[in-house]
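Peer 1: Residue numbers (this note's numbering), protein chains in the order written: chain A, 60 to 339; chain B, 2 to 264.
Any given hint could be a false lead.
Said to hold, decoys possible - Label-pair distances were calculated between CB atoms; the ranges are:
| # | chain 1 | residue 1 | chain 2 | residue 2 | range |
| --- | --- | --- | --- | --- | --- |
| 1 | B | H122 | A | A309 | 26 to 36 Å |
| 2 | B | H198 | A | L93 | 56 to 66 Å |
| 3 | B | G131 | A | Q103 | 54 to 64 Å |
| 4 | B | H122 | A | Y246 | 23 to 33 Å |
| 5 | B | R134 | A | R242 | 22 to 32 Å |
| 6 | A | E229 | B | R134 | 19 to 29 Å |
Said to hold, decoys possible - To list a few chain B residues with every Cβ distance to chain A over 10 Å, as calculated:
| # | residue |
| --- | --- |
| 7 | R5 |
| 8 | D34 |
| 9 | H122 |
Said to hold, decoys possible - Only part of the chain A face toward chain B is listed, based on derived beta-carbon distances under 10 Å:
| # | residue |
| --- | --- |
| 10 | W88 |
| 11 | L92 |
| 12 | G95 |
| 13 | I96 |
| 14 | E229 |
| 15 | L230 |
| 16 | I236 |
| 17 | M237 |
| 18 | G238 |
| 19 | Q243 |
| 20 | T245 |
| 21 | H247 |
| 22 | A254 |
| 23 | R329 |
Note that these hints are calculated values from the structure, not bench results. Just so you know, these numbers come straight off a predicted model, no measurement behind them. Note that CB positions come from ideal geometry on N, CA and C, so glycine has one too.
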Amino acid sequence: MTDTAYHAPAQDTSERRGLAASVARPLQWLLKLLPGIALLLFWQWASGRLIKEIYVSKPTAVAQRLYELFASGEIYPHLWTTGQELVFGYVIGVAGGVIAGYALGRSPRLARIFEPYVMAFYGIPKIALAPLFIIWFGIGMGSKIALASIMVFFLVFYNVFAGVRSVDRELVNLTLIMGANQRQLTYHVFLPAAAPFVMLGMRLAIPYSVIGVIVGEFTSSAQGLGLFIHEASSTYDPAGVFAGIVILLAFVTIANVLAGRLERRLLRWRALSGAGPIDI
Amino acid sequence: MNDRALVFEGIGQDFPAPGQRSKVRVLDGISFDVGHGKFIAVIGPSGCGKSTLLQMAAGLLLPTRGAVHHRGRKITSINTEVGFVPQQAQLFPWKTLAENVELPLLLRGVAANERRERVAHALGSVGLKGFERHFPSQLSGGMQKRGSIARTLVYRPDIILMDEPFGALDAQTRMVMQSDLQTLSMEAGATVVFVTHDITEAVLLADHVIVLSQRPSRLLANIPIDLPRPRNMFEPFRNPGFDAAYDAVWTEFRSQIDTGRVH
Chain A
60 MTDTAYHAPA QDTSERRGLA ASVARPLQWL LKLLPGIALL LFWQWASGRL
110 IKEIYVSKPT AVAQRLYELF ASGEIYPHLW TTGQELVFGY VIGVAGGVIA
160 GYALGRSPRL ARIFEPYVMA FYGIPKIALA PLFIIWFGIG MGSKIALASI
210 MVFFLVFYNV FAGVRSVDRE LVNLTLIMGA NQRQLTYHVF LPAAAPFVML
260 GMRLAIPYSV IGVIVGEFTS SAQGLGLFIH EASSTYDPAG VFAGIVILLA
310 FVTIANVLAG RLERRLLRWR ALSGAGPIDI
Chain B
2 MNDRALVFEG IGQDFPAPGQ RSKVRVLDGI SFDVGHGKFI AVIGPSGCGK
52 STLLQMAAGL LLPTRGAVHH RGRKITSINT EVGFVPQQAQ LFPWKTLAEN
102 VELPLLLRGV AANERRERVA HALGSVGLKG FERHFPSQLS GGMQKRGSIA
152 RTLVYRPDII LMDEPFGALD AQTRMVMQSD LQTLSMEAGA TVVFVTHDIT
202 EAVLLADHVI VLSQRPSRLL ANIPIDLPRP RNMFEPFRNP GFDAAYDAVW
252 TEFRSQIDTG RVH
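One chain only, chain B, in its complex shape (with noise of 0.2 Å):
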């Protein structure tokens, strides 16, 4: 038990459907777990519930059927013991980014000197020294997502819930975060739930890549990614073995691709 530090169990959904008696399920039986210092990758279509496993482990819902277990606790409250970095940057537009990192420790009661330091620690590692008193409209797409990991990591939640953080910036952006991503991980030894809709994206920074299927949403796959570490992000397909391990993803995940429903 000790080494899993979060496990899904049996996960079942129903949202209500709209002018409609039937519920509909979004997500059928699902169960994995995460391992402590592990980093998971959940892929799958778009509209299966992804978000939705990452919104029972910070605990905003609670699942119809099933239980989310964080070190062993079901979690039927709010979980302050995970980070979560959304889609959109999120930082609050009133505050400057060095406020905005230094929030959740106030809200923490850590001390004043403790806070500067930690904020500058947090603000450094993401590299964005020299803009503490920039508010967030001051500053690049790029960086309002560098500052929203940094408002994450200072607090060094247990867990690390990322929901396609990195997919409304550019290109090039994005593959300079994936590769910071991977050394602040590595570094901080975090354990990080990522969703994403991006093959590549999952096989290069995961440990383990989860696929599931289109509504109702089950689990087809947890395959293993045992690419040494750092992995190239720039270049995917010159790491060794990732065409393999990509394939092995790409294989449980095309048959969702061509059906042709609606999603």
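Pulled out of the complex, with its shape left as it was, chain A reads as follows (with noise of 0.2 Å):
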């Protein structure tokens, strides 16, 4: 058989591009760190220069703070406290949005009877409900977990939701044809075909969790980051808020990481094609 079939580009471009990655992959780095290299420099000369060091602290002083914090073990139980409650927020968040957006994806008259209410819920700003909240679950880690994991849940609810519904009807016929039942369905179409919505939710999610986690403890707490950040700012240590606040950074670009490792291994067909939804 002869056929007009072009090859794919497998190994002579990957080589090129690899010898081209090794010159510029450190320049992208470079190029990368350079804004904000430049943004420190001027913050450390901006600060007692063009406005007061007791208003912004500067980068010295910030990292000096970091170090007494960690040295001295001040900021483990707040860490640690945080950490959970991300971590809880945002599994119970993206669990319950992937359970629900799917159900209601699949099932088009649960949908037309549940859609408006989660859509008025959705208008809801969240953060409103961070005094309920604290009077419901108490001001331990409870009311934190469920303010996180509520901001959390209807993101990720509407990707699998728009994700489950765009599956495309003719290759779910086709699979019924082949001979799929439901629970082939779901394994072999559904999911994979809503994988790209579900981990552009999942990477969406991550700064909410923390705001949600942040504004309940910032409400009322006992233990938390959110205070640390709110007591340091209450008692004019402007390095003290910006150490937090740096730690809230490290949090977010480590999940972001994993998340963006997750998504290489789970979505290995679409970056080799670039098709899929839409990444903001």
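Join the two chains into one complex using the hints; note that each chain is given alone, in its own frame.
Peer 2: Dropping the structure here:
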């Protein structure tokens, strides 16, 4: 059989790309770091010259403060509490969002009944619920986990819902003709088709889980990074505030890297084609 | 009864028209048989409901009137004994080519080593050996179509339904695919219902050409094509008797083209 096929760009181009990358990658990194370094330098310079240090602190002071916090162990209880709240809030929100989004996506009947309610609850600014959640779940971790998970839930829910509903009807029919039952249809068609949307929802939800937890801790708490930042700001300690923020930043960055890894593994087929939902 | 794989019996189909109370009648009293091991081409103007007939044979749609029988059994739900090759290749983008072709066997509970063998054989027969681990996005349109055909052949369905499978391919690829399809279906002794709007394609491939009219569609003619096989797909007019066969179909079909209605 003859064919007008082209070979996938496997070996030759990747070699060339590899060569280019060995030069380009450090350069890329340098370019990426440059604005950050410039900002830090400007901050350091401007502090005490353009703006009083008591308002904005300065990078060296923040670094000093971070070192002290970790060296003295003062920060660890806060870290541990906030870390747990983040992980639990995120996981519960994602799990709930995936399950609810999938169920409503698969069943038009359920969707017709519940979608208006979900839409209405989606419209509520979740931050406004923080005081209520404190009353309901106490000032411990429960209220923060609830707040974070409800924020995460809606983002994941809508993405999964849209993802499941976007599955090509013809592909589903074909799979049924091939002999699939409902369970097989879920495993071979709906879940992989929805995976890019699940990943997108999970990535978008990372900063929201942090917002939920921190707002909860700001409102009322006994321990946590939010409380630490809150106390630092009310005692005129900008270095402490920024130290807390740097730690949160580290949280978000680590979570993003992990999500990116998971995405590359789950969506290998998509990386090769470049098709799929648009990332924000 | 036994020599008929598929029987369409007085098929009528109405679809709700948007913004109107009355329904649009698409198919009107269509009856024809598909014999075992026969290649049937269905042609008709666009929008006449050719594909609807295939959906009924696959059990995806129940006709408003009449019934489709597969080996004497009335089709009332998804018919897993047929294979469907759609217009677009519709390979699963998240599966490699081999995984795509393997899926129907997996769904049907075929043992792992037999799956491997049959996948290798199916891919070999459509000329895709060596591309097992490619994802569909890494294959050309023609190769995706071959993959789609292999995915259908691999589970040896009783009837293969093809919905304008070569419509989206370029002219050269198309001729090659037609030629390969002829070889494959002759080797497998497959029963095929092939929907197209290309008269040449219909005449070259089919044992019988079913000609449908415009909406509401009626069966205009069921024309046997007795050209000897294998037929030359690359030079249609070199086939002895092709002119006469083409004329026979065209005479029926031309009346449906000149009417100037909006399709």
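Peer 1: Look at each hint and say if it fits the structure.
Peer 2: Hint-by-hint comparison with the structure:
For the pair H122 of chain B and A309 of chain A, the supplied restraint of 26 to 36 Å is violated, since their beta-carbon distance comes to about 55 Å. Between H198 of chain B and L93 of chain A the Cβ separation comes to about 60 Å, which falls inside the hinted range of 56 to 66 Å. For the hinted restraint 54 to 64 Å between G131 of chain B and Q103 of chain A, the CB-CB distance of approximately 60 Å keeps it satisfied. In this structure the hint that H122 of chain B and Y246 of chain A lie 23 to 33 Å apart at CB holds, the actual value being about 26 Å.
Between R134 of chain B and R242 of chain A the C-beta distance comes to about 27 Å, which sits within the given range of 22 to 32 Å. About 25 Å separates the C-beta atoms of E229 of chain A and R134 of chain B, a value consistent with the hinted range of 19 to 29 Å. Distance to chain A confirms R5 of chain B as a non-interface residue, since its nearest Cβ pair spans about 21 Å, more than 10 Å. No beta-carbon of chain A is positioned within 10 Å of the beta-carbon of D34 of chain B; the least distance is around 22 Å.
The claim that H122 of chain B lies off the interface holds: its Cβ sits roughly 14 Å from the closest Cβ of chain A, which is beyond the 10 Å cut-off. At its closest, the beta carbon of W88 of chain A sits 29 Å from a beta carbon of chain B; the interface hint therefore is violated under the 10 Å criterion. Annotation: L92 of chain A was flagged as interfacial toward chain B, and the flag is violated, the nearest CB pair being 34 Å apart, outside 10 Å. With a cut of 10 Å, the hint placing G95 of chain A at the interface with chain B is violated, because the nearest CB-to-CB distance is about 36 Å.
Annotation: I96 of chain A was flagged as interfacial toward chain B, and the flag is violated, the nearest CB pair being 39 Å apart, outside 10 Å. The beta carbon of E229 of chain A is positioned within 10 Å of a beta carbon in chain B (closest approach about 6 Å), and the interface hint is therefore held. For L230 of chain A, the suggested interface contact is upheld, since its CB lies about 6 Å from the closest CB of chain B, less than 10 Å. Taking 10 Å as the C-beta contact cut-off toward chain B, the hint placing I236 of chain A at the interface holds, the least distance being around 5 Å.
Checking M237 of chain A against chain B: minimum C-beta separation of about 4 Å stays under 10 Å; hint holds. Nearest Cβ of chain B to the Cβ of G238 of chain A: about 4 Å, under the 10 Å cut. The hint holds. This hint holds: Q243 of chain A has a C-beta 6 Å from the nearest C-beta of chain B, less than the 10 Å allowed. Taking 10 Å as the C-beta cut-off, the interface hint given for T245 of chain A is violated, the closest approach to chain B being about 12 Å.
Using the Cβ-Cβ criterion of 10 Å, the hint placing H247 of chain A at the interface with chain B is satisfied: the shortest such distance is roughly 6 Å. Because the smallest distance between the Cβ of A254 of chain A and any Cβ of chain B comes to about 7 Å, under 10 Å, the interface hint for this residue holds. Residue-level restraint check for R329 of chain A holds (minimum Cβ-Cβ distance to chain B is 7 Å; threshold 10 Å).
Consistency with the previously given hints fails for numbers 1, 10, 11, 12, 13, 20, ordered from lowest to highest.
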